[in-house]
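**Student:** Spelled out, the chains give:
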Amino acid sequence: MNSININGTNFDVKDEELELSLLDYLRERRFLTGTKNGCEKGLCGSCTVAIDDKALRACKTPVKKAVGTRVVTIEGMEGPGGALHPLQKAFMDAGAIQCGFCTPGMVMSSYALLVRDPAPSRDAIRKALRGNLCRCTGYQQIIDAVELAAKVIREQAVSSRPGCEE
Amino acid sequence: MRTDNAFRNDARAKVTGRATYADDVSFAGMLHAVPVYSDYVSAKDLKIDADEARAYPGCVRVITAADVPGSTTFGQIEKDYPIIVTDRIRSWGDVCAIVVADTREAAKAAAALVRITATAIKPVLTIDEALEPGAPVVPSWSDSNIVTHHRLRHGDPEPLFAGCELIMEEDFTTQAIEHAYMEPEAAVCVPRADGVVEVYGSMQHPFSTRRFTAALLGEPLSNVEVYTISVGGGFGGKDDNAAAVCARAALAARLTGRPVKMRYDREWSMRETYKRHPYRLHYKVGVSSEGKVLAVKTTMYADSGAYLSVTPWVTWRSTAQCFGPYSIDNIHADVYGVATNNIFTGAMRGFGAPQVNFAVEQLMDMAAHKLKIHPLGLRRINMVKQDSVTVTGQKLSGHTVSLEDVMNRVVHEIGYRKKYELCSFGKTETDELYGIGLAISYRGASLGAEGMDFCGCIINGQYDGSILLEAGIHENGQGSESTMSIILADELGTDRKRIRYRRSSTSSIPDGGTTVATRGTIMGGSAVVVAAKQYKELLQKHLAERLRCKPEEVTFHDDKIWGLNFEYSLTWEEAMRELFLQRITPYAFGTFQAPPVSWDDTNGQGDAYFTYVYSCQAVELSVDKKTGKVKLLNIVAGHDIGKAINKAMLLGQMFGGVTQGMGMALMEEFVREGGKSPTLNFDKYMIPRTTDLPEMTGIIVENHDPNSLTGAKGIGEPAIELIAPAIANAVYNATGVRYKDMPIRIRPEDLA
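Protein chains in written order, with numbering that gives the first Met the number 0: chain A, 0 to 165; chain B, 0 to 751.
Hints were generated in silico from the structure; no laboratory data involved. Source: prediction; values computed, not measured. Where is the CB? At the ideal position from N, CA and C, for every residue including glycine. There's no promise every hint is true.
Some residues of chain B that are not near chain A, with every Cβ distance over 12 Å (derived) [unchecked claim]:
| no. | residue |
| --- | --- |
| 1 | Ala64 |
| 2 | Gly425 |
| 3 | Glu577 |
| 4 | Phe654 |
Derived, one-sided and incomplete: chain B residues facing chain A with beta-carbon distance under 8 Å [claimed, not checked]:
| no. | residue |
| --- | --- |
| 5 | Asp9 |
| 6 | Lys13 |
| 7 | Tyr20 |
| 8 | Met181 |
| 9 | Ala647 |
| 10 | Gly651 |
| 11 | Gly673 |
| 12 | Pro677 |
| 13 | Asn680 |
Distance ranges between label pairs, derived from CB positions [as the list claims (entries may be wrong)]:
| no. | chain 1 | residue 1 | chain 2 | residue 2 | range |
| --- | --- | --- | --- | --- | --- |
| 14 | B | Gly154 | A | Lys40 | 48 to 58 Å |
| 15 | A | Arg121 | B | Arg746 | 30 to 40 Å |
| 16 | B | Ile583 | A | Lys40 | 55 to 65 Å |
| 17 | A | Arg121 | B | Asn602 | 51 to 61 Å |
Using the sequences and the hints given, assemble the complete structure.
**Tutor:** This is the structure:
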């Protein structure tokens with residue numbers, strides 16, 4: 000049986016589900032609607048999830064390619080009891096949220112960035128989020144938020160893993 | 000790092016993925032609907048053969064105009080937009096049928112089997128073609144393709160040109176722009192047992208959506224209940240079409256008796272929905288040797304596309320603000336809306352001002368260069384000041400006219416004076432040309448003489464001390480619910496935690512007008528103040544005795560209700576208990592009515608708006624001489640918004656508006672080729688990304704506005720309307736080349 004680990008839980012994938020996009024699988028089969036569908040062509044980044052800690056577009060990832068991997072969606076970023084990940088907290092504090100449709104993808108791309116670079120420059124953040132479109136914010140407060148979260152994770156020596164207590 | 004005052008009631012829901020948008024809503028037994036388009040741009044005698052589609056496994060119903068119980072067409076001004084086409088196709092975005100099936104996949108597959116035939120008609124594709132004598136008339140309701148014409152007659156410019164030191168005659172063009180909200184349109188409609196159709200939709204205006212839906216269904220407004228849920232951006236773009244998507248889903252729900260979801264692909268969204276009006280502007284400007292603009296004549300044409308939507312209002316704003324924030328004694332303007340068979344155009348953030356500003360703010364720099372006057376000096380000579388008279392004959396009084404101060408602050412922050420001297424003007428030792436540019440504007444806040452302007456608010460106190468708040472302004476992502484909550488908390492002297500913003504439905508609160516025109520904070524916020532005043536008076540009256548003072552001596556602060564000299568106080572819990580014992584309902588409904596405005600359509604004169612937002616934006620950039628590529632280096636935006644209520648959100652509006660304006664200036668164009676478009680997703684329609692932008696600085700100027708009960712005006716549209724000419728001016732100062740067509744595309748040969 001094929002299985003995918005989603006937000007810490009293993010799910011058996013039915014054969015007929017293997018051909019779905021990971022986006023449809025998450026939204027329609029697992030009811031994880033936090034991952035958003037903005038263009039369905041891998042162009043806007045709204046559906047970004049972390050697959051083995053790398054930011055990937057769920058709309059362009061077939062389920063069969065995700066078999067055997069560890070997928071984290073926006074729903075998996077919270078810790079037990081609803082503790083927010085430092086990135087989530089920073090997005091709130093920095094005023095990085097407007098309509099919020101790009102936010103889950105932004106958070107997941109930022110998470111993958113902080114895994115590989117715990118102290119990114121603002122330029123590095125801009126490069127990492129280049130594939131995530133936002134029409135509301137002009138990005139500046141999103142970049143503030145990622146910078147803030149990186150600082151919190153470093154200074155308070157908290158884990159950047161998803162689902163961990165702040 | 001700006002973290003001050005960041006408050007959003009929906010922030011936690013949005014960072015955790017819990018916020019519910021229309022496509023996240025599901026009901027048991029829900030069907031899926033998709034639209035069917037034809038490939039015609041203009042055609043008549045539409046015939047639809049849906050037999051094969053109906054036979055497709057899972058297809059439940061194919062809906063055509065023949066199934067519509069109400070009106071197939073609707074619109075905000077002229078009811079000409081076909082929610083479903085009957086027999087005449089006027090644009091490539093027209094929806095000819097709706098396919099309903101068990102799954103979305105089945106609906107799409109069945110939709111591909113619908114056969115549409117019609118007799119093609121030669122389409123009218125440009126403003127010139129539309130104006131030609133004998134051109135086919137596009138609108139159903141007009142005998143001409145000129146669908147609107149606004150005149151402004153202020154003084155008499157013609158005799159004055161002869162005495163001018165400088166006469167400029169210039170033409171400018173602007174392009175069609177897609178709103179490109181991240182969330183495509185979606186709606187879920189549920190037929191309720193009591194006969195009401197519930198609508199959960201991605202739309203900008205629940206009440207407009209209700210009007211479209213009730214019209215299509217042929218039912219009273221009270222039969223349609225539109226619920227507010229998270230909306231993934233609007234920017235003016237989620238009215239007519241987004242409402243039509245809700246209406247179509249509601250019709251499908253009515254006809255099948257089951258819940259129906261209609262979620263749009265990005266390509267459908269871009270193909271069908273209205274755009275920002277492309278403009279063609281001609282200006283004749285006469286300036287004295289001292290730099291005073293003495294005479295202006297302007298003619299503008301806006302491409303309205305196939306349907307009217309709000310073209311008369313968009314072009315009205317272009318008329319009322321036809322020469323930027325300058326006081327000109329002799330000016331004539333004629334602004335036309337012209338119908339074509341292009342995808343129609345309508346409301347978009349900025350609403351007829353960005354196009355005008357693109358021309359006017361370049362003209363001011365052009366005049367300055369030609370007369371060898373500093374661009375700041377030329378602006379100072381002509382700009383509106385306290386008690387100035389605008390081109391509509393309105394005396395600017397009753398609020399602080401702070402344009403010069405706003406400009407000075409931006410100039411100081413970015414170091415414009417020194418940096419202006421460093422501009423390349425086409426000459427450089429290296430490959431890089433440097434330029435700095437700025438633009439100024441004023442913007443009438445709210446609807447002005449466009450329409451009736453009022454908004455309501457409900458405060459519903461609960462007996463445990465918690466408070467429900469709702470206002471007739473809709474949350475589109477801008478943070479209006481948070482702003483209303485902050486205003487109420489301030490009015491009542493309570494903790495924000497005590498207040499829950501209730502997401503209203505169209506059946507729970509009276510129509511408070513649409514959330515457009517930079518009116519959310521000024522109208523909704525003032526409505527909150529009116530309701531809060533009534534609410535406090537009710538509490539004062541009934542708590543005075545307990546607090547052993549006169550009603551007018553009861554005060555509200557520190558999350559308590561106080562008697563005279565702070566001797567006695569009540570917690571909110573105690574106060575509500577007291578009201579309960581007196582059998583008093585702690586409830587208030589308040590309406591704010593905008594101060595009066597006036598307009599004479601024969602000469603374009605009147606008090607167009609009850610107040611104005613004053614703005615200046617400046618930009619530094621470099622242009623690569625070899626490639627023509629523009630790199631933005633620094634942006635400063637300054638706006639007098641009256642009063643900052645939610646500072647982080649205010650700055651977010653500024654940065655977001657500047658970014659959309661920058662996209663318009665340099666990147667974006669919704670291409671129309673033969674009435675069709677190849678730019679239907681983000682591979683071809685390019686919007687700004689993180690790496691396209693420099694660091695931005697927002698300057699908040701606060702002169703509390705007496706016309707607003709909170710002192711606050713607004714920021715949504717001022718933020719987008721002037722960075723494009725600032726960029727154009729900076730490009731000129733870098734390259735020595737003037738670009739009068741948007742988007743600005745610099746070819747290396749221009750720089751040779």
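**Student:** So which of those numbered hints doesn't the model satisfy?
**Tutor:** 4, 11, 12
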